[in-house]
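Protein chains: 2
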Amino acid sequence: MKRLRTFIALAAVPLFLAACGNLSSSSMSSGSNTSKSGTQLTGQSTDTDYEGVIKSGHYQTSKSRGVTNTQDSGNTYNLKSFESGMQNVSKKVFSTKNYVFQEGQYLSTDTVQNWIDRKSKSNSTGLNPASNGSTSASKRNPIYIQAIEEQDYMTQKNNKLSLGGVTVGIAVNSVDYYKKEQYGATYETKIDKATGEAYAKKVANTVLQRMRKKSALKNVPIVIAIYRQASDDSLVGGNFLAYSTNKAGTTSVSSWTALDEKNYVFPIESGTSSPNSNDVSAFSNFKSQVENFFPNLSGVTAQARYSGKTLQGMHVNITTQFYSQTEIISFTQYLQTAAQKYLPSGVPIDITVSSTDGVQSFLARTATEKKFTSHVFNSY
Amino acid sequence: MKRLRTFIALAAVPLFLAACGNLSSSSMSSGSNTSKSGTQLTGQSTDTDYEGVIKSGHYQTSKSRGVTNTQDSGNTYNLKSFESGMQNVSKKVFSTKNYVFQEGQYLSTDTVQNWIDRKSKSNSTGLNPASNGSTSASKRNPIYIQAIEEQDYMTQKNNKLSLGGVTVGIAVNSVDYYKKEQYGATYETKIDKATGEAYAKKVANTVLQRMRKKSALKNVPIVIAIYRQASDDSLVGGNFLAYSTNKAGTTSVSSWTALDEKNYVFPIESGTSSPNSNDVSAFSNFKSQVENFFPNLSGVTAQARYSGKTLQGMHVNITTQFYSQTEIISFTQYLQTAAQKYLPSGVPIDITVSSTDGVQSFLARTATEKKFTSHVFNSY
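As they're listed, the protein sequences go chains A and B.
Residue numbering for the first sequence follows UniProt numbering, beginning at 1 and increasing consecutively.
Residue numbering for the second sequence follows UniProt numbering, beginning at 1 and increasing consecutively.
No lab work stands behind these hints: they were computed from the structure.
Bear in mind that the values here come from a model prediction, so they are computed numbers and not experimental data.
Positions of the beta carbon are idealized from the N, C-alpha and C atoms, including for glycine.
Certain hints may be false.
Cβ pair distances, simulated, as ranges [claimed, not checked]:
#1 371(B) x 120(A): 47 to 55 angstroms
#2 358(B) x 162(A): 21 to 29 angstroms
#3 47(B) x 248(A): 53 to 61 angstroms
#4 138(A) x 321(B): 38 to 46 angstroms
#5 257(B) x 48(A): 43 to 51 angstroms
Here are some chain B residues pointing at chain A (derived, C-beta under 8 angstroms) [to be verified]:
#6 42
#7 54
#8 57
#9 61
#10 130
#11 132
#12 183
#13 254
#14 256
#15 257
#16 293
#17 315
#18 322
#19 324
#20 327
#21 336
Just so you have them, the derived chain A footprint on chain B, three or more residues with Cβ under 8 angstroms [to be verified]:
#22 297-310
#23 357-365
#24 371-379
From just these sequences and the hints, can you work out the full model?
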């Protein structure tokens with residue numbers, strides 16, 4: 001059995017804090033200060049985004065940047081979904097108004113790598129079960145924990161940033177892909193939701209205890225969020241199952257808040273159902289309008305996110321073989337009208353139009369907007 | 001000598017005009033009418049874009065869709081630049097307020113293909129010179145005309161669309177790439193600007209005469225625009241050299257309006273100069289701010305368009321090897337601040353951030369806006 005692991009080792013950026021402004025943009029050293037020393041913030045796109053931390057002109061990258069139990073053919077949706085989802089969970093606890101986002105600075109590459117490895121004689125801190133020697137899909141101990149990621153949330157006081165809280169994401173597999181021999185066939189051990197979630201919750205307690213041993217993390221709130229990875233053949237990423245907010249000093253998780261999030265791919269596969277048939281038919285009407293537009297449009301699909309039975313948003317993908325530039329312009333205008341007419345309102349939606357040459361145009365609408373804004377990628 | 005030619009043959013869409021509204025959005029059948037018959041318009045993104053024509057639920061694609069003398073390794077920038085540039089030239093004559101855009105319906109695939117071929121015994125209408133038998137780069141007759149494209153501009157009256165004018169783009173090579181034998185090495189015949197332009201202007205007269213022979217085109221204004229293709233190794237497309245507006249009925253071009261447009265790639269190559277050193281240093285400051293942000297940012301370049309010495313706009317491209325999703329979010333916020341601070345104001349600018357996985361985020365600002373809007377491509 002051979003698993004690939006990706007390390008992107010980075011020189012640890014010294015944690016030196018110099019003058020930095022308040023969160024109000026007037027006094028803040030935001031974005032592109034020419035000063036090469038000191039701390040700056042990235043600037044904020046919208047009120048619902050965190051600003052990020054820049055140190056001495058460089059973005060403060062994570063101390064465990066890029067560490068994960070990478071599958072041979074990973075589902076890239078999981079990566080985006082896990083990281084941006086961790087920020088979304090964090091927003092429930094650390095408001096974007098009062099907190100600044102910093103990539104995790106306390107768990108190092110080595111630490112995280114050891115944690116997501118199997119427990120063994122040489123790796124006493126491994127959070128995945130020791131191998132039981134079996135290579136049978138149903139008898140072996142699978143790799144439950146696929147990734148652990150830290151995000152720091154900073155507060156500002158007297159022109160200094162200090163740690164205000166930490167969020168730790170624990171990503172648990174729904175399918176553990178493994179090989180019996182190097183370069184051999186890939187086998188699968190399925191991990192059902194309840195088993196994976198229970199395992200991750202047990203691990204969460206251990207992680208919390210270990211983090212509390214670091215003096216900087218002793219007295220800050222630590223949010224732990226459990227994410228279930230989608231399988232490699234999924235056209236959408238996984239989702240968060242639960243999170244817990246652990247007050248300063250606590251060393252065991254007292255309670256979990258369940259997150260009833262689920263992702264769907266539209267059009268819905270036959271034999272499966274979605275939480276809301278109105279959304280399905282809205283998308284289906286949109287799709288048939290759009291598919292007729294060109295002689296050779298090849299696909300209209302969407303990722304839809306639900307919380308319970310309520311649609312949270314959609315990412316629509318439209319792919320085709322050939323477009324001329326004027327066709328893209330006209331098509332994008334048409335999409336703007338058709339999307340407003342057919343797609344569900346009141347939720348954020350974006351639409352990406354791609355050809356074999358890459359992204360050609362895109363449209364987006366926030367939850368509160370009525371009209372889609374659009375952009376056609378052009379060239380001089 | 002072997003040249004590849006691309007035909008994308010399409011069934012000719014019947015030219016049946018049914019009820020269609022006025023240009024005011026209130027009375028217009030815009031975008032996504034469920035009616036499968038009749039004419040609709042695509043809807044308009046902004047006042048400065050033309051609406052397009054939809055017939056019986058399908059986009060009215062060009063009758064000569066995809067015809068061009070395709071080079072073995074064409075410069076894809078030329079294609080986008082030629083087509084959207086033709087629309088820009090057209091806007092000088094046919095206002096977006098009073099005219100609707102329709103892909104060319106009068107020149108067929110066969111017609112255009114014959115015109116852009118060499119003149120020969122079997123092709124009396126060829127607008128490229130007959131072969132003189134030579135394969136020497138300096139002695140052979142090169143292929144001057146690379147592409148000819150038609151765009152139709154429609155007016156609305158009494159709920160009917162009728163042809164209000166036509167724009168014809170003639171794309172002339174700056175370099176003619178040719179092979180002496182099939183699958184052999186590629187050779188180049190350079191065509192200097194004056195020679196190419198003179199040849200294209202001669203061809204323009206012939207094209208005008210031929211178009212006037214079609215009854216539908218006899219009595220409409222015909223704009224002819226001459227485009228000079230960039231070489232295949234260019235990181236930017238070509239540009240329009242001149243255009244002429246030919247009143248209804250005229251059969252020879254009386255006068256040309258020169259267009260002093262030029263494209264540059266930033267950073268400027270050593271040994272070349274740009275029309276405005278302020279823009280060069282603005283970009284250079286932006287670039288160095290941005291390149292320091294990540295440990296492994298790989299490139300910041302831009303396409304800049306000038307009219308005379310005046311900057312018309314910029315397309316900035318930023319590429320890198322690796323980003324996590326939270327890094328993209330922070331980087332995009334940083335770009336928003338840095339771009340506003342450093343990049344030239346008063347012109348449209350967009351910035352595309354790509355990794356090996358494709359486009360990750362993008363930012364845009366119109367000529368009149370101060371702040372950039374941004375979008376990070378995400379996934380559930």
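So, going through the hints one by one against the coordinates:
1. 371(B) x 120(A): 47 to 55 angstroms: holds, 53 angstroms
2. 358(B) x 162(A): 21 to 29 angstroms: Because 38 angstroms falls outside the window, the suggested range is violated.
3. 47(B) x 248(A): 53 to 61 angstroms: holds, 56 angstroms
4. 138(A) x 321(B): 38 to 46 angstroms: Given about 40 angstroms between the Cβ atoms, the range holds.
5. 257(B) x 48(A): 43 to 51 angstroms: Given a distance of about 49 angstroms, which is inside 43 to 51 angstroms, the answer is holds.
6. 42: Interface hint status for residue 42(B): holds (4 angstroms vs cutoff 8 angstroms).
7. 54: OK, holds: residue 54(B) within 8 angstroms of chain A, min 7 angstroms.
8. 57: holds, 5 angstroms
9. 61: The hint holds - residue 61(B) has a Cβ within 8 angstroms of chain A, the shortest such distance being about 7 angstroms.
10. 130: violated, 30 angstroms
11. 132: violated, 34 angstroms
12. 183: At 24 angstroms from the nearest chain A Cβ, residue 183(B) fails the 8 angstroms test, so the hint is violated.
13. 254: violated, 28 angstroms
14. 256: violated, 22 angstroms
15. 257: Violated: closest Cβ of chain A sits about 20 angstroms from residue 257(B), beyond 8 angstroms.
16. 293: holds, 5 angstroms
17. 315: holds, 6 angstroms
18. 322: holds, 6 angstroms
19. 324: holds, 6 angstroms
20. 327: With a minimum Cβ separation of about 7 angstroms from chain A (threshold 8 angstroms), the hint on residue 327(B) holds.
21. 336: Holds. Min distance 6 angstroms.
22. 297-310: holds (count 3)
23. 357-365: holds (count 5)
24. 371-379: holds (count 6)
When each numbered hint is compared with the structure, violations occur for hints 2, 10, 11, 12, 13, 14, 15.
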